[in-house]
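*Asks:* Here are the chains, one letter per residue:
Protein chains: 2
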Amino acid sequence: MSATEAPTYVVDERNRVKRRHDRGSYDHETVHRLLDAAALCHVSYVVDGLPYCTPTLFWREETRLYWHGSSASRMLRNLSDGQPACLTVTHLDSLVLARCGFNHSADYRSVMAFGRARLVTEPEEKRRALVMMVDRFFPGRTAQLRASTDQEIKATSVVTMEIERASAKIRAKGVADDDEDYALPIYAERLPVHTVIGEPEACPRLLLGVERPANLAGYLAERPLEEALAEAYAEAYARG
Amino acid sequence: MSATEAPTYVVDERNRVKRRHDRGSYDHETVHRLLDAAALCHVSYVVDGLPYCTPTLFWREETRLYWHGSSASRMLRNLSDGQPACLTVTHLDSLVLARCGFNHSADYRSVMAFGRARLVTEPEEKRRALVMMVDRFFPGRTAQLRASTDQEIKATSVVTMEIERASAKIRAKGVADDDEDYALPIYAERLPVHTVIGEPEACPRLLLGVERPANLAGYLAERPLEEALAEAYAEAYARG
Chain A
1 MSATEAPTYV
11 VDERNRVKRR
21 HDRGSYDHET
31 VHRLLDAAAL
41 CHVSYVVDGL
51 PYCTPTLFWR
61 EETRLYWHGS
71 SASRMLRNLS
81 DGQPACLTVT
91 HLDSLVLARC
101 GFNHSADYRS
111 VMAFGRARLV
121 TEPEEKRRAL
131 VMMVDRFFPG
141 RTAQLRASTD
151 QEIKATSVVT
161 MEIERASAKI
171 RAKGVADDDE
181 DYALPIYAER
191 LPVHTVIGEP
201 EACPRLLLGV
211 ERPANLAGYL
221 AERPLEEALA
231 EAYAEAYARG
Chain B
1 MSATEAPTYV
11 VDERNRVKRR
21 HDRGSYDHET
31 VHRLLDAAAL
41 CHVSYVVDGL
51 PYCTPTLFWR
61 EETRLYWHGS
71 SASRMLRNLS
81 DGQPACLTVT
91 HLDSLVLARC
101 GFNHSADYRS
111 VMAFGRARLV
121 TEPEEKRRAL
131 VMMVDRFFPG
141 RTAQLRASTD
151 QEIKATSVVT
161 MEIERASAKI
171 RAKGVADDDE
181 DYALPIYAER
191 LPVHTVIGEP
201 EACPRLLLGV
211 ERPANLAGYL
221 AERPLEEALA
231 EAYAEAYARG
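Going down the list, the sequences are from chains A and B. With our numbering applied, the first sequence corresponds to residues 1 to 240, in that order. With our numbering applied, the second sequence corresponds to residues 1 to 240, in that order.
One or more of the hints may lead you astray.
[Stated by the list, open to error] To give a feel for the contact side, a few chain B residues facing chain A, derived at Cβ under 8 Å: (1) Asp22; (2) Gly24; (3) Tyr26; (4) His32; (5) Leu57; (6) Gly82; (7) Ala85; (8) Thr160; (9) Ile170; (10) Gly174; (11) Tyr187; (12) Leu206.
[Said to hold, decoys possible] List time: in silico DSS-like cross-link candidates among lysine-lysine, alpha-carbon distance up to 25 Å: (13) Lys18(B) <-> Lys173(B); (14) Lys18(A) <-> Lys173(B); (15) Lys18(A) <-> Lys154(B); (16) Lys126(A) <-> Lys154(A); (17) Lys18(A) <-> Lys173(A); (18) Lys18(B) <-> Lys126(A); (19) Lys173(B) <-> Lys154(B); (20) Lys18(B) <-> Lys154(A).
Calculated from the structure, these hints are not laboratory results. Keep in mind it's a predicted model, so treat the numbers as computed, not measured. In this text, a Cβ means the ideal position worked out from N, Cα and C, and glycines have one as well.
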């Protein structure tokens with residue numbers, strides 16, 4: 001890679017976007033932007049030859065992904081060299097109603113990231129991960145909380161995966177009919193889909209005088225969730 | 001199963017909700033309701049021992065799931081007895097900010113469905129699937145469209161999977177702190193997350209006089225997507 005080239009993930013048979021390859025990207029910037037705008041991912045792994053797909057919250061640090069090892073017992077049996085995993089994030093942007101069935105579609109932005117998952121066991125790495133698990137979403141929040149107990153730290157499994165391969169796939173063109181079909185008297189539309197924040201619901205058991213801290217100001221009702229998440233991400237990692 | 005018992009999916013080691021088993025359900029009603037309120041799923045499968053997690057649109061018919069076989073070449077190599085697959089649907093309902101890091105969480109409703117995927121090849125089953133692939137989301141729409149060509153039908157792969165096992169997992173309790181932590185002067189909240197429909201964007205190339213058909217009336221701006229999807233599902237299958 002020359003100094004002027006943007007960093008990209010390696011492309012091979014595993015992560016190459018096969019169908020509609022015009023929708024594929026492999027550069028770090030595109031892949032990371034889509035990851036950092038999400039809280040939820042789906043992680044796939046193989047146990048006894050069978051596939052499992054588990055939803056979980058996750059975050060990125062450089063080219064590593066982290067998530068909560070809630071299914072550690074089922075998922076992370078082969079710890080020696082890591083358990084192969086695929087972590088996928090999808091932003092659904094629209095449903096697309098075309099003039100024929102074949103061109104019905106959806107706009108979306110997705111990332112598939114491949115690597116080998118391993119439990120975070122090194123104490124300093126785990127300590128940092130438990131902070132970022134919260135602060136990546138709510139920068140500075142850990143410092144405002146009751147400190148974690150040793151028992152809590154022990155009870156929390158954190159999984160990490162160095163991204164070995166990744167691809168982003170983006171469809172963002174709305175209605176795309178065959179040329180001759182535009183002459184037909186058939187209704188077609190793009191139906192946008194937005195994931196937004198609702199009105200924050202303060203815990204009814206808050207002590208008198210406890211106010212919403214300023215570091216949550218980005219999480220405003222009606223705001224697109226991905227916008228708040230991307231902003232929080234940038235803020236959290238600017239703090240270091 | 002006695003006549004008065006509600007139908008449920010078989011529970012075994014594969015689909016039993018292990019961590020937080022109090023959040024698990026296996027009855028058809030709960031599982032199907034969560035599936036039918038979604039358009040997007042993530043499908044996991046194993047190729048050469050490695051996991052893949054692919055986002056796709058899907059729908060249910062009785063205890064069978066259907067999706068578009070976009071990755072058929074990579075995914076469906078073992079057609080003889082079906083390729084093991086896990087199809088997961090997740091509705092993210094909130095982010096939960098607690099008084100300690102350990103109790104930070106999210107409200108969600110998810111389903112994991114397990115079975116063996118196979119390509120739909122029988123002509124009548126495929127014809128019906130191509131209709132429902134559109135009409136499940138937009139009841140009656142296929143009849144309003146330009147008919148599919150033989151080439152389009154040939155170019156569309158439809159995958160189906162009989163649900164052999166399934167589990168639903170639901171967290172819906174917002175902030176849940178340790179008893180003694182409620183006495184701390186720390187802010188906590190439930191931050192709701194909603195996936196909603198935006199303002200429909202009619203295709204700019206519509207012919208003059210072509211109006212939005214009445215069967216799309218459920219897809220209104222600001223409406224929760226899952227509500228419109230569940231309603232469309234019920235309507236589509238009431239039509240038969």
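*Asks:* For each hint, tell me whether it holds in the structure or not.
*Replies:* Outcome of the hint check:
This hint is violated: Asp22(B) has a C-beta 14 Å from the nearest C-beta of chain A, more than the 8 Å allowed. Taken as an interface hint, Gly24(B) does not check out: its beta carbon lies about 13 Å from the nearest beta carbon of chain A, beyond 8 Å. Annotation: Tyr26(B) was flagged as interfacial toward chain A, and the flag is violated, the nearest CB pair being 16 Å apart, outside 8 Å. For the restraint placing His32(B) at the interface with chain A, the shortest Cβ-Cβ distance is roughly 18 Å, beyond the 8 Å limit, so the hint is violated.
Checking Leu57(B) against chain A by beta carbon gives a least distance of about 6 Å; that is within 8 Å, so the hint holds. Annotation: Gly82(B) was flagged as interfacial toward chain A, and the flag is violated, the nearest CB pair being 12 Å apart, outside 8 Å. A hinted interface residue such as Ala85(B) counts as satisfied when its beta carbon comes closer than 8 Å to some beta carbon of chain A; here the least separation is about 6 Å, so the hint holds. Against a cut-off of 8 Å between C-beta atoms, the interface hint on Thr160(B) is violated, since the closest Cβ of chain A lies about 17 Å away.
Restraint check, Ile170(B) versus chain A: the minimum CB separation of about 12 Å is more than 8 Å; hint violated. The beta carbon of Gly174(B) is positioned within 8 Å of a beta carbon in chain A (closest approach about 7 Å), and the interface hint is therefore held. Because the beta carbon of Tyr187(B) sits about 5 Å from the nearest beta carbon in chain A, less than 8 Å, this interface hint is met. The restraint placing Leu206(B) at the interface with chain A holds, with a minimum CB-CB distance near 7 Å, inside the 8 Å limit.
With a C-alpha separation of about 19 Å, the suggested pair Lys18(B) and Lys173(B) falls inside the 25 Å cut-off, and the hint holds. Taken as a hint, the Lys18(A) and Lys173(B) pair is broken in the structure, with Cα atoms around 42 Å apart against an allowance of 25 Å. For the given pair, Lys18(A) sits about 18 Å from Lys154(B) by alpha-carbon distance, which is consistent with the 25 Å threshold. Taken as a hint, the Lys126(A) and Lys154(A) pair is honoured in the structure, with Cα atoms around 10 Å apart against an allowance of 25 Å.
For the proposed pair Lys18(A) and Lys173(A), the alpha carbon gap of about 19 Å is at most 25 Å, so the pair holds. For the hint pairing Lys18(B) with Lys126(A), the CA-to-CA distance comes to about 23 Å; that is within 25 Å, so the pair holds. Taking the CA atoms of Lys173(B) and Lys154(B), the gap is about 47 Å. The hint is violated against a cut of 25 Å. For the hint pairing Lys18(B) with Lys154(A), the CA-to-CA distance comes to about 18 Å; that is within 25 Å, so the pair holds.
Checked against the numbered hints listed earlier, the structure breaks hints 1, 2, 3, 4, 6, 8, 9, 14, 19; every other hint is satisfied.
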